[in-house]
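Protein sequences appear in the order of chains R and B. The numbering used here applies: residue 374 is where the first sequence begins, and numbers increase by one. The numbering used here applies: residue 480 is where the second sequence begins, and numbers increase by one.
Among the hints, erroneous ones may be present.
Said to hold, decoys possible - Anything over 12 Å on all C-beta distances counts as not near chain R; from chain B, calculated:
(1) Ile-491
(2) Ser-506
(3) Gly-507
(4) Asp-535
(5) Glu-547
(6) Gln-559
(7) Thr-582
(8) Glu-587
Said to hold, decoys possible - Pair ranges (Cβ atoms, derived):
(9) R:Thr-385 x B:Leu-549: 18 to 28 Å
(10) R:Gln-415 x B:Val-594: 40 to 50 Å
(11) R:Glu-393 x B:Asn-531: 12 to 22 Å
(12) B:Gln-496 x R:Trp-456: 32 to 42 Å
(13) R:Gly-389 x B:Ser-545: 41 to 51 Å
Claimed, not checked - These stretches of chain R come out as covered by chain B in the derived footprint (C-beta under 8 Å, 3 or more residues):
(14) 412 to 422
(15) 438 to 444
None of these hints come from the bench; they were simulated from the model. Glycine residues also receive a C-beta, built at the ideal position from the N, C-alpha and C atoms.
So you can see what is in the structure, the chains are spelled out below.
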Amino acid sequence: AQSVTQPDIHITVSEGASLELRCNYSYGATPYLFWYVQSPGQGLQLLLKYFSGDTLVQGIKGFEAEFKRSQSSFNLRKPSVHWSDAAEYFCAVVSGYSTLTFGKGTMLLVSP
Amino acid sequence: EAGVAQSPRYKIIEKRQSVAFWCNPISGHATLYWYQQILGQGPKLLIQFQNNGVVDDSQLPKDRFSAERLKGVDSTLKIQPAKLEDSAVYLCASSTGAGSGNTIYFGEGSWLTVV
């Protein structure tokens with residue numbers, strides 16, 4: 374069965390520093406992969422998605438992610454973090470009849 | 480373009496009471512989803528509709544949860560009777576179709592506390 378692992382429950386990054394959030398997936402076929410962000414009290418907002426083609430995908434708010442089939446990974450990156458990026462980030466894979474399977478999330482804390 | 484609308488945003492009920500959540504998807508979206516997000520976990524699919532038909536309800540606790548999507552637009556999720564472990568955020572989402580390449584858009588969620 375498909376699954377998504379986000380190994381880091383919490384990550385603290387200084388404002389202006391670079392960020393990388395890890396995501397590993399388990400899926401037999403070519404995966405469709407997503408990153409969503411959830412601010413406190415809010416719903417999920419799509420940051421970016423990978424379906425096929427270029428393995429480096431650009432998203433909103435300056436985020437990017439790289440699909441690495443050999444490592445079954447889809448890590449999210451940002452070169453310079455802003456305080457407003459503090460939120461919870463979810464990696465997800467589509468399987469079956471367009472069902473999203475989510476990881477448990479990584480909470481990003483941004484220190485001054 | 481209006482997003483996915485949900486109500487109520489917050490609800491507190493006692494265990495064994497009932498509650499209903501309403502969702503209005505993005506206009507023209509044929510596929511509607513209800514997800515449950517327990518604190519500290521990622522969202523879990525409860526039920527998926529394609530127009531007014533159920534595509535997947537394998538993880539819906541059918542002894543207490545029910546959902547319908549009459550006329551293939553709005554949807555209602557009901558819990559009766561509620562248990563303490565039902566405390567969660569209930570997220571409604573929609574997409575244009577059910578294919579894997581379709582982006583799924585989420586509402587802001589309905590926060591349920593069962594005391």
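Going through the hints against the structure:
No beta-carbon of chain R is positioned within 12 Å of the beta-carbon of B:Ile-491; the least distance is around 15 Å. At roughly 18 Å, the least C-beta separation between B:Ser-506 and chain R is larger than 12 Å, which holds for a residue marked as non-interface. Its beta-carbon lying about 16 Å from the closest one in chain R, B:Gly-507 satisfies the requirement of being farther than 12 Å from that chain. The non-interface label for B:Asp-535 is inconsistent with chain R: the shortest C-beta to C-beta separation is roughly 6 Å, within 12 Å.
For B:Glu-547, the requirement that its beta carbon stay farther than 12 Å from each beta carbon of chain R is met, with the minimum near 19 Å. The beta carbon of B:Gln-559 sits about 25 Å from the closest Cβ of chain R, which is more than 12 Å, so the claim that it is off the interface holds. Consistency note on B:Thr-582: stated as away from chain R, yet its beta-carbon is not over 12 Å from all of that chain's, at 6 Å minimum. B:Glu-587, annotated as away from the interface, has a beta carbon of chain R within 12 Å; the closest lies near 4 Å.
Checking the proposed 18 to 28 Å range against R:Thr-385 and B:Leu-549 shows it is violated: the Cβ atoms sit about 47 Å from each other. For R:Gln-415 and B:Val-594, the Cβ-Cβ distance of about 24 Å falls outside the hinted range of 40 to 50 Å, so the restraint is violated. The beta-carbon spacing between R:Glu-393 and B:Asn-531, approximately 43 Å, falls outside the hinted interval of 12 to 22 Å. Taken as a hint, the range 32 to 42 Å holds for the pair B:Gln-496 and R:Trp-456, whose Cβ atoms sit roughly 40 Å apart.
At about 50 Å, the CB distance of R:Gly-389 to B:Ser-545 agrees with the hint of 41 to 51 Å. Three residues within the 8 Å Cβ limit are the bar, and the region 412 to 422 of chain R against chain B gives 7, so the coverage statement holds. A count of 0 residues in the region 438 to 444 of chain R with a Cβ less than 8 Å from any Cβ of chain B is obtained; the coverage claim is therefore unmet, three being the minimum.
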